[in-house]
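Mapped onto my numbering, the consecutive letters of the sequence shown carry residue numbers 1 to 609.
Everything labelled a hint here was simulated from the structure, so no lab data went into it.
Take the hints with a grain of salt, since some may be wrong.
For lysine-lysine, the following DSS-like pairs were computed, each having C-alpha atoms within a straight-line distance of at most 30 Å [unchecked claim]:
| no. | residue 1 | residue 2 |
| --- | --- | --- |
| 1 | K548 | K450 |
| 2 | K530 | K510 |
| 3 | K504 | K450 |
| 4 | K563 | K510 |
| 5 | K450 | K493 |
| 6 | K571 | K359 |
| 7 | K359 | K450 |
| 8 | K548 | K530 |
| 9 | K450 | K530 |
| 10 | K563 | K504 |
| 11 | K269 | K563 |
| 12 | K548 | K359 |
| 13 | K359 | K269 |
| 14 | K493 | K530 |
| 15 | K260 | K493 |
| 16 | K359 | K530 |
| 17 | K450 | K510 |
| 18 | K510 | K493 |
| 19 | K493 | K359 |
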Amino acid sequence: MSDNHPETLTEIVASHRAGMMTPAQTIARIYQRIREYNDPAVFISLCDERDAVLQAEKLAARKDAASLPLYGVPVAVKDNIDAVGFSTTAACPGFSYTPTRDANVVERLRAAGAIIIGKTNLDQFATGLVGVRSPYGIPRNPVREDLIPGGSSAGSATAVSAGLVPLSVGTDTAGSGRVPAMLNNIVGLKPSVGMISTAGIVPACRTLDCVSIFALTVDDAMLALSVMAGQDQADSFSRNRPLGAMFPFPANLRLGVPRKEQLIYFGDKEAEAAYGEALRRWTALGAMLVEFDIEPFYETARLLYEGPWVAERYLVIRNLLATVPDSIHPVIREITAAGAQFTAAEAFSAFYRLQDLRKITELTFTDLDAVVLPTAPTVYSTAQVLANPIELNSRLGTYTNFANLLDLCGLALPAAIRPDGVPFGITLLAPGGRDAILASIGREFHADTKLSVGARGNSQPALTPLPASGGDEIPLAVVGAHLSGMALNGELKVLNGRLIEATKTALDYKLYALDTTPPKPGMLRVEAGKGAAIQLEIWSLSASAFGKFVNAVPPPLSIGNVKLADGRRVKGFIVEPEALGGAHDITAYGSWRAFMAAETSHDDSLVRA
Numbered sequence: 001m002s003d004n005h006p007e008t009l010t011e012i013v014a015s016h017r018a019g020m021m022t023p024a025q026t027i028a029r030i031y032q033r034i035r036e037y038n039d040p041a042v043f044i045s046l047c048d049e050r051d052a053v054l055q056a057e058k059l060a061a062r063k064d065a066a067s068l069p070l071y072g073v074p075v076a077v078k079d080n081i082d083a084v085g086f087s088t089t090a091a092c093p094g095f096s097y098t099p100t101r102d103a104n105v106v107e108r109l110r111a112a113g114a115i116i117i118g119k120t121n122l123d124q125f126a127t128g129l130v131g132v133r134s135p136y137g138i139p140r141n142p143v144r145e146d147l148i149p150g151g152s153s154a155g156s157a158t159a160v161s162a163g164l165v166p167l168s169v170g171t172d173t174a175g176s177g178r179v180p181a182m183l184n185n186i187v188g189l190k191p192s193v194g195m196i197s198t199a200g201i202v203p204a205c206r207t208l209d210c211v212s213i214f215a216l217t218v219d220d221a222m223l224a225l226s227v228m229a230g231q232d233q234a235d236s237f238s239r240n241r242p243l244g245a246m247f248p249f250p251a252n253l254r255l256g257v258p259r260k261e262q263l264i265y266f267g268d269k270e271a272e273a274a275y276g277e278a279l280r281r282w283t284a285l286g287a288m289l290v291e292f293d294i295e296p297f298y299e300t301a302r303l304l305y306e307g308p309w310v311a312e313r314y315l316v317i318r319n320l321l322a323t324v325p326d327s328i329h330p331v332i333r334e335i336t337a338a339g340a341q342f343t344a345a346e347a348f349s350a351f352y353r354l355q356d357l358r359k360i361t362e363l364t365f366t367d368l369d370a371v372v373l374p375t376a377p378t379v380y381s382t383a384q385v386l387a388n389p390i391e392l393n394s395r396l397g398t399y400t401n402f403a404n405l406l407d408l409c410g411l412a413l414p415a416a417i418r419p420d421g422v423p424f425g426i427t428l429l430a431p432g433g434r435d436a437i438l439a440s441i442g443r444e445f446h447a448d449t450k451l452s453v454g455a456r457g458n459s460q461p462a463l464t465p466l467p468a469s470g471g472d473e474i475p476l477a478v479v480g481a482h483l484s485g486m487a488l489n490g491e492l493k494v495l496n497g498r499l500i501e502a503t504k505t506a507l508d509y510k511l512y513a514l515d516t517t518p519p520k521p522g523m524l525r526v527e528a529g530k531g532a533a534i535q536l537e538i539w540s541l542s543a544s545a546f547g548k549f550v551n552a553v554p555p556p557l558s559i560g561n562v563k564l565a566d567g568r569r570v571k572g573f574i575v576e577p578e579a580l581g582g583a584h585d586i587t588a589y590g591s592w593r594a595f596m597a598a599e600t601s602h603d604d605s606l607v608r609a
């Protein structure tokens with residue numbers, strides 16, 4: 001099935017920019033592939049080819065076309081996401097409506113040069129990990145036809161694996177951006193909760209939903225994420241979660257793995273062997289594997305469907321359940337109707353337990369960069385799932401259902417094609433905000449497997465080397481008066497410093513107001529997990545400017561290694577314990593800026609008095 005056409009998002013954009021192919025030619029090729037693939041269950045609705053070609057020609061005529069990050073890239077969108085020109089069905093004809101505006105994520109994709117060619121099939125109302133719960137049919141698994149395609153983002157995943165599009169958008173509440181990625185031998189990226197707006201998306205569990213990304217490579221997925229991420233005032237669950245830059249494979253990488261006796265495969269010896277081989281690959285790449293207790297994660301996973309979060313799914317379709325219940329897939333009806341039974345007392349009890357579990361699981365990550373798990377414990381055929389729809393679906397969520405409840409980001413990666421022809425994958429998970437570190441290590445693992453991408457047999461493109469810190473520039477973490485808009489920020493600007501991002505430290509620091517004149521902050525590294533996340537800024541300085549700046553840092557401050565929330569380590573301001581005599585612990589403020597604002601407010605109130 002392999003051919004010489006560009007397949008990945010990055011390759012397609014490069015070919016358009018170089019004039020080797022036009023966006024219109026790419027669109028025409030994509031539609032020819034859709035006809036040849038001949039699976040009407042992939043798309044619920046498809047843009048007319050002439051209209052798509054016209055969009056491509058109009059895009060290419062723009063003067064800024066070549067600068068667009070997704071210049072002429074055909075994209076498929078899961079049909080619970082609004083896109084003007086298409087109905088939104090959530091795989092339920094009785095629920096269908098015609099949106100008058102794009103979902104925020106679709107708006108961002110179009111602005112970046114993407115062409116939305118169709119809406120993809122899904123487990124109805126995004127409830128399921130199997131991909132067989134739709135009145136629009138069951139998408140064919142292009143890797144092995146007897147297997148389920150995986151859900152709920154079945155159409156989006158199979159479209160990428162089959163080479164119909166290089167990029168597709170799904171959603172992920174319980175694993176719908178990860179399980180289908182494994183079953184289709186592609187990359188599935190589930191970003192930090194709130195990083196991508198869910199405005200204009202039919203919710204499954206609104207407090208947990210994430211937009212997910214399917215692509216052939218990690219680099220493609222991260223390019224798409226950079227376009228799609230961003231806070232959105234129209235989405236009250238949107239959060240300001242800056243996306244850090246990827247970096248070369250780090251030294252001293254520490255990955256968590258469950259205790260062997262806690263791993264679950266439901267008797268699948270091939271999956272167990274494939275996971276063992278994946279761990280050996282990580283070790284060969286230089287990672288240190290550290291065992292952790294996964295039971296609190298399992299307990300969290302059980303809350304998703306056994307607890308009151310099912311009531312969120314019920315809220316979405318309660319009117320339909322009351323008026324036209326037969327329009328809902330019988331399995332979905334059985335699952336969601338149960339959501340009406342939970343009491344407020346049961347909900348609060350579950351919220352309290354979840355908060356306990358969050359605190360427990362946070363400790364797991366205090367000395368780990370990420371954990372690595374099987375994406376799913378086993379796989380099933382379509383026939384098996386149709387015969388036992390709820391139990392087998394539940395099994396597939398063993399390693400995914402807890403992620404959004406615990407505010408983790410995730411990256412699902414192909415790991416092997418088993419001897420029986422079944423794809424196997426792993427998932428990297430880390431606390432929200434560490435998306436870039438997962439991508440940085442995940443891209444190296446995927447490349448090392450030397451697996452073909454998707455189901456067409458195409459080789460992975462060579463990895464583009466990543467700069468350690470942007471040429472000769474050195475990142476510097478500042479926490480005090482050098483912050484933007486504060487008294488000493490000019491010292492950085494005189495040295496042509498550039499603000500890279502605002503972020504936080506790991507939960508390993510305390511902040512003090514030192515007994516100095518003028519007052520200075522001192523940030524102290526404490527025992528892992530015993531401190532707090534301190535807000536800071538990362539500035540970039542040339543090597544020579546960095547040397548000048550560090551040479552001028554007055555005691556009792558110094559420059560050392562600072563661990564960030566996403567696992568990166570950069571140079572930054574720290575203080576030695578000996579300098580804390582007479583200092584005040586101001587960690588509770590979370591930042592020097594907040595402390596100074598409170599002090600100013602206090603002084604003003606004294607003046608007024």
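Here's how the hints hold up against the structure:
no., hint, in the structure
1, K548 / K450, "violated, 45 Å"
2, K530 / K510, "holds, 9 Å"
3, K504 / K450, "violated, 36 Å"
4, K563 / K510, "holds, 13 Å"
5, K450 / K493, "violated, 45 Å"
6, K571 / K359, "holds, 28 Å"
7, K359 / K450, "violated, 38 Å"
8, K548 / K530, "violated, 34 Å"
9, K450 / K530, "violated, 41 Å"
10, K563 / K504, "holds, 9 Å"
11, K269 / K563, "violated, 39 Å"
12, K548 / K359, "violated, 42 Å"
13, K359 / K269, "violated, 34 Å"
14, K493 / K530, "violated, 34 Å"
15, K260 / K493, "violated, 52 Å"
16, K359 / K530, "holds, 12 Å"
17, K450 / K510, "violated, 44 Å"
18, K510 / K493, "holds, 27 Å"
19, K493 / K359, "violated, 40 Å"
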